[in-house]
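Participant: One letter stands for each residue in the lines below.
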Amino acid sequence: MIYVLYVIVSVICIYTARHYWFTLNRLFGFQRHPYIDIDTADWPPVTVLVAAHNEEKVVANILSALMTVKYPEDKMLVIPVNDRSTDRTREIIDEFVERFPTRIRAFHRKEGKGGKAAALKDAMELVETEVILIFDADYIPGAGLVRQLTAPFFDPEVGGVMGRVVPMNCGTNLLTRLLDLERSGGYQVDQQARMNLRLVPQHGGTVAGVRLSALREIGGWNDTSLTEDTDLTYRLLLHGWKTVYQNRSECYEEVPETWPVRIKQIKRWAKGHNQAMVTYGLHLLLGRHRASLRERIDGTLLLGVYIMAPFTLVGWALALGVFYQGVAPLHGIIAILSVTAYAAIGNLAAFFEIAAAVRLDGSRKRVCLVPFLILGFAVSIFAVSWAAVSQVKDALTGAEFHWDKTERFRKAAS
Amino acid sequence: MNPFFAVVGLMLLTSALLLLPLVPALAELHNKSDALPLNVIQQHAGEIRFFADGFRSYMKGLQPALQECVSSGAHATGTMPDGSEYVVLGRGEDALFLPFREQNEVHPVIIASGTDLLLPSGTIFSKDIYSAASVIGGTKNRYRAILAEKDIRLGRESSVMRWVHAVGEFSADPACRLYGRVSSETGIRLSSECSFLRLNAPYIAIGPEADPEQNPSQAPVIATTQPRLFHDGDFEIQAGAVFQDNLVVRGRLRIGAGARVCGSVKSEKGLVLEPGVSIEGSLISASIMQIGHDCRIRGPVIAERTMLIQAGTRCGTPHNPTTVSAPNIQVEQDVVVFGTLWAREEGQAVEGS
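Heads up: the sequence lines are chains D and V, in that order. Each step along the first sequence adds one to the number in numbering that gives the first Met the number 0, with nothing skipped, and position 202 is 201. Each step along the second sequence adds one to the number in numbering that gives the first Met the number 0, with nothing skipped, and position 126 is 125.
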């Protein structure tokens, strides 16, 4: 038991060091934004896919925003992918098609497999351009965003692009404020540090882009994946395509406003991530492919992010067990010093990262909310662990995953 | 002490200590003093002309006074609604005779002129300058910002701290320092030893001899039909060779003299173009880049460290402008960039090697 605990503690320490490495890189390291300065170019034709499943509350906002972006009108086609909606989504999309017949082409999907990847896969029959941008329907792109997300594709090594997501309803309640902090840490520090260090920035599947030839090379959208974005990141990586992160390509999104919705969301992310870990983890770390050593290590650690939750719970249980068995994990003063050092530094790693991110964002008072993140982490650790357990159960019983769409909270556009 | 009270007291004290870090958090949660979404730039999209456009709108309030002064040939002074003082000149050459001719004198006044504005030398203009015609600056001046509806010419060793926009051509005499944004609807011409950060114009010519020429190439920059050749380690394209594909090299890349690449090129390490190389697509280096004499590059040119562009090279075309960007850029004489030339840390126009 004690040796299992040693392994768990060692892995946790690796993730702790990773948090510090990323944060210190963001605070003091060289920052890479190689494509953000491309403001003049012979812009290529792009297709913007807007994934929409029962999005009557939000779909008009994104279509309106896309009609005002600064991109040559004759080179941008918007395809709202209406995935079996049963509300007014189809009607709203058709109204926009009527108003902008040369700029919007609707794709109404009436049947088929559930999930975003399946819908995008079907919509590919309408896509003819080399550059594809993807937005979820609750996002509101700014005027320069399409150009910013397209610019990295001038680099022939780039297969995928990811922008930054910024919660627009962050002030609603405690949950949205905590998610705002988490997003800051995740994008402002985590993603940008991975970009700086030439590691593995993660494709988020929205506010994102993918190169058509790269997508074809890796076999298209994987509709068996629970998180098509993680799946895409790793397939691109294994085929020698880079995913790049653009921290200054920001886009507003809506975050969950209730805990049940948040728990459903994070459980789906955890299952998808774990699925990718099982599918690609070993091959990424040890297989023959084009990823560099640092990409292999970082990619593997990234795949393990969600499995760390049950891992940590097991560690807690083992630590208690060891204590009640009267086994000293280390001896005397070393044990005390180790525990004290970890308590002082290790436990703070994630909070330090988020506080640094908030500081980099130029925010002032919201950093006061960092102590409340313990609440968010507590909910997440149990939700993610439960997702892992149920995933194992599903695998054993052969149960199929049920796709839960994230509920929207915005009032419908008039 | 009663043990019961001691235990209760200890518990209360411990609880208070536990809750102490939450006091600012609870206060912020209640007060919502920093609960607005992060400010995402939604509208101006980093447009280089953003400040110039704003200043032009700001100057609309002075148009009646400007027209009146042009008609009468007089000048007028006053205060803008925001409290900034201004002087309006009916005849731009009057600026030479206004009382700011002493060396290094600071002039915290907005200057607006209805005709060509002639500015004296050795002066610090700490407020924005507007001219309905051209601006011709003296030597060793320091400007905050300039907007001209025609040409702008800066005298030797002048500097601009924020931005310049000319509807006509912008030109800078030797050793000028352009710290902010410089844009023109017509063209930009920099002399040797000028330093710059961000330039945008239909053409940006370095040196008096640089001639913005036509380039007939019309192929799309991101070609869908070209496959990608991937090479681990260093790679070289032989002189005079024609390379059809997109090329990604994980090591150093050298492209021999006179070679032609029909696709785009990426190098993870140093990238060297020998003289006369032609690139139909983009040219990207994750490290340093050296572009030799008389090269032709059609797509964006990006280096993540430093870039040297040697004499005679053309980037972009008049019909397909592009971006050339790196943290540090050195550009020799007789180089023309059509579009944007952007040095994040420092750009320098240098004498040819």
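Honestly, I wouldn't trust all of these hints.
What the hints assert, rightly or not - Calculated lysine-lysine pairs in the DSSO-like style (CA-CA distance at most 27 Å, straight line):
1. D:69 to D:270
2. D:109 to D:120
3. V:31 to D:69
4. V:31 to D:364
5. D:270 to D:112
Claimed, not checked - With the C-beta cut set under 7 Å, the calculated list includes, among others, these residues of chain V facing chain D:
6. 29
7. 36
8. 39
9. 48
10. 50
11. 230
12. 268
13. 298
14. 301
15. 317
16. 320
17. 338
Bear in mind the hints are in silico, worked out from the structure with no lab data behind them. Yeah, the Cβ is synthetic: ideal placement off N, Cα and C, and Gly gets one too.
Participant: Which hint numbers doesn't this structure obey?
Facilitator: 1, 3, 6, 9, 10, 11, 12, 15
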